[in-house]
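Trainee: If you want the building blocks of each chain, they are given just below.
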Amino acid sequence: MTKKFWIGLAIIFAIALIGVSYQKFLKNPRCAYEGSAITPIYEVDIVLMDKSVKKFCSIFCASQWFRNNVKLVNHVIVTDEIRGNKIDSYMAYFVESELITNETNDNRIHVFQQRQDAITHAEKFHGTMTDDPFSLDE
Amino acid sequence: MIVNIYTLIMLFVAIFSLSLGGLLFLLTIKTLISFQTTVPLEDKSKFERKGYLVFLLACVTLSVRMVVWPWFYFMLQSFVSEVPGAMCMFGVTQILPSTITFLQVIKPIAFFIMGGWLLCYYVDKSTPTAPLARKNLLFLLIVCGVLLTDGIADVYYVIRMKPLMSVSCCATFFDVPLRPSAMIPQAIFGRNFQKILFILYYLTNIILIVLLFTSISRKWTLLTPKYRMIILYSQGILGIINIPVVIYTVIENIAPKLMQLPYHHCIYCLMGNGMVPDAPIMLGLFVIGTFAIGWMAILRLLCNNGEARLITERLLVKVNNLSAFCLLASLLMVTIHLILI
Numbered sequence: 001m002t003k004k005f006w007i008g009l010a011i012i013f014a015i016a017l018i019g020v021s022y023q024k025f026l027k028n029p030r031c032a033y034e035g036s037a038i039t040p041i042y043e044v045d046i047v048l049m050d051k052s053v054k055k056f057c058s059i060f061c062a063s064q065w066f067r068n069n070v071k072l073v074n075h076v077i078v079t080d081e082i083r084g085n086k087i088d089s090y091m092a093y094f095v096e097s098e099l100i101t102n103e104t105n106d107n108r109i110h111v112f113q114q115r116q117d118a119i120t121h122a123e124k125f126h127g128t129m130t131d132d133p134f135s136l137d138e
Numbered sequence: 139m140i141v142n143i144y145t146l147i148m149l150f151v152a153i154f155s156l157s158l159g160g161l162l163f164l165l166t167i168k169t170l171i172s173f174q175t176t177v178p179l180e181d182k183s184k185f186e187r188k189g190y191l192v193f194l195l196a197c198v199t200l201s202v203r204m205v206v207w208p209w210f211y212f213m214l215q216s217f218v219s220e221v222p223g224a225m226c227m228f229g230v231t232q233i234l235p236s237t238i239t240f241l242q243v244i245k246p247i248a249f250f251i252m253g254g255w256l257l258c259y260y261v262d263k264s265t266p267t268a269p270l271a272r273k274n275l276l277f278l279l280i281v282c283g284v285l286l287t288d289g290i291a292d293v294y295y296v297i298r299m300k301p302l303m304s305v306s307c308c309a310t311f312f313d314v315p316l317r318p319s320a321m322i323p324q325a326i327f328g329r330n331f332q333k334i335l336f337i338l339y340y341l342t343n344i345i346l347i348v349l350l351f352t353s354i355s356r357k358w359t360l361l362t363p364k365y366r367m368i369i370l371y372s373q374g375i376l377g378i379i380n381i382p383v384v385i386y387t388v389i390e391n392i393a394p395k396l397m398q399l400p401y402h403h404c405i406y407c408l409m410g411n412g413m414v415p416d417a418p419i420m421l422g423l424f425v426i427g428t429f430a431i432g433w434m435a436i437l438r439l440l441c442n443n444g445e446a447r448l449i450t451e452r453l454l455v456k457v458n459n460l461s462a463f464c465l466l467a468s469l470l471m472v473t474i475h476l477i478l479i
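If you read the sequences in order, they're chains A and B. Numbering (the numbering used here) for the first sequence: 1 to 138. Numbering (the numbering used here) for the second sequence: 139 to 479.
Hints in this document: simulated from the structure, not taken from any laboratory. Just so you know, these numbers come straight off a predicted model, no measurement behind them. A few of these clues could be false.
Said to hold, decoys possible - Stretches of chain A that chain B covers, calculated by requiring three or more beta carbons in the stretch to come under 8 Å of a beta carbon on chain B:
1) 4 to 12
2) 15 to 21
3) 30 to 44
4) 70 to 83
The beta-carbon is built from N, C-alpha and C at its ideal position, and this holds for glycine as well.
Given these sequences and hints, build the entire structure.
Mentor: Next comes the structure, spelled out in structure tokens:
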């Protein structure tokens with residue numbers, strides 16, 4: 001093994017670490033409710049009246065914050081678990097199932113853009129369809 | 139045609155390499171026709187100058203063409219915002235699908251064959267009497283054929299590409315239960331194919347890396363020619379088997395984990411959407427590592443005789459090192475991501 005070989009491997013190691021760090025700390029912001037890293041697939045964005053955005057790691061955190069600040073909220077954007085698409089919460093299908101998305105807060109509510117995906121998830125993980133927890137009508 | 143900096147550079151490079159490639163093709167045929175193994179002393183310098191010009195032209199043209207492969211994907215990525223409905227490069231591939239499939243197949247072939255020729259030329263150039271000149275000229279004819287086909291296809295695609303139709307999202311192809319990347323491994327390995335693929339990915343890569351290191355170790359010279367041949371053939375066969383294994387494992391297991399989208403298997407999203415910024419490096423290292431095994435086979439086949447043997451042996455060690463390094467680096471990067479993400 002030459003010196004070049006080890007230097008090359010060290011560079012590759014550094015690139016991989018930078019890549020992971022970027023994904024974990026730079027690309028993914030922290031939850032505005034509990035401060036944990038946000039997994040993109042479960043991200044919830046609450047858009048406020050002043051157009052600023054609060055990001056949350058799960059439906060649980062977002063709904064907790066939402067309950068206390070409902071008057072400040074303009075609309076809520078959730079993420080489809082299948083495709084990662086961002087959609088308005090009133091267009092999404094919510095399923096409460098046995099599958100936990102975040103072990104810290106025991107969130108069991110899942111979001112889907114397509115009704116069929118929601119039904120499939122509910123059947124697979126013994127869940128039921130639930131109402132939009134961010135409904136602004138009430 | 140979509141006009142942006144990527145298409146303009148692509149078009150320029152395609153036209154530039156087509157003109158040089160055409161000239162190169164004619165010059166190669168002309169040189170081959172007038173080729174003599176022994177040249178009278180008075181014609182020697184003229185013959186050398188002409189040969190040098192042909193090979194220099196070939197080196198420039200081929201080097202430019204090899205860079206076009208990654209550039210092609212940069213260009214596709216630049217079309218995403220232009221094509222209605224496209225979320226990633228997959229959407230772009232839905233317009234002129236047969237041309238784009240052809241381009242995606244011919245580009246790696248062209249990269250491989252051009253790399254092989256450049257290595258053969260390096261061996262020939264390093265010997266004082268150029269014993270491989272005729273072989274290299276014949277090989278160059280095949281390379282020119284691929285180069286011209288690739289260049290023509292590039293020009294055709296860039297000119298004909300118009301974002302006039304709405305395309306579907308990659309999820310409709312990559313995330314359906316009957317996707318080819320799931321059905322084919324499932325037919326071979328059964329229902330638990332994802333686990334088996336994942337184990338196979340590590341197994342084939344590790345064995346291949348070990349075999350590559352064996353052929354550059356000090357013990358290599360102590361082995362009998364029969365064992366050496368077995369190891370070399372095993373490298374080649376495993377290198378070929380490793381290609382579909384890596385492709386299917388990346389689509390089925392690695393991409394969803396790295397992108398943190400457990401149900402999303404789109405390789406274009408992994409490569410181009412910036413979700414995993416170093417993903418192109420991971421796959422690029424795998425490609426070079428695998429191609430280097432093929433380049434070693436080309437060197438052994440065409441250059442390992444007579445006067446060139448010693449130089450070929452030295453170059454083989456370098457290419458072997460490159461292959462082992464690239465495959466190990468690719469595996470290391472994937473593993474770091476899987477552990478830390």
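Trainee: Decide, hint by hint, whether the structure agrees.
Mentor: Tested hints:
Check result for the stretch 4 to 12 of chain A against chain B: holds, 4 residues qualifying (beta carbon to beta carbon below 8 Å, three or more required). By the rule of at least three residues with a Cβ nearer than 8 Å to a Cβ of chain B, the coverage given for the stretch 15 to 21 of chain A holds, with 6 such residues. Residue count for the stretch 30 to 44 of chain A with a Cβ under 8 Å from a Cβ of chain B: 3. That meets the three needed, and the coverage hint holds. Only residues whose C-beta sits within less than 8 Å of a C-beta in chain B count toward coverage, and the stretch 70 to 83 of chain A has 3 of them, enough to reach three; the restraint holds.
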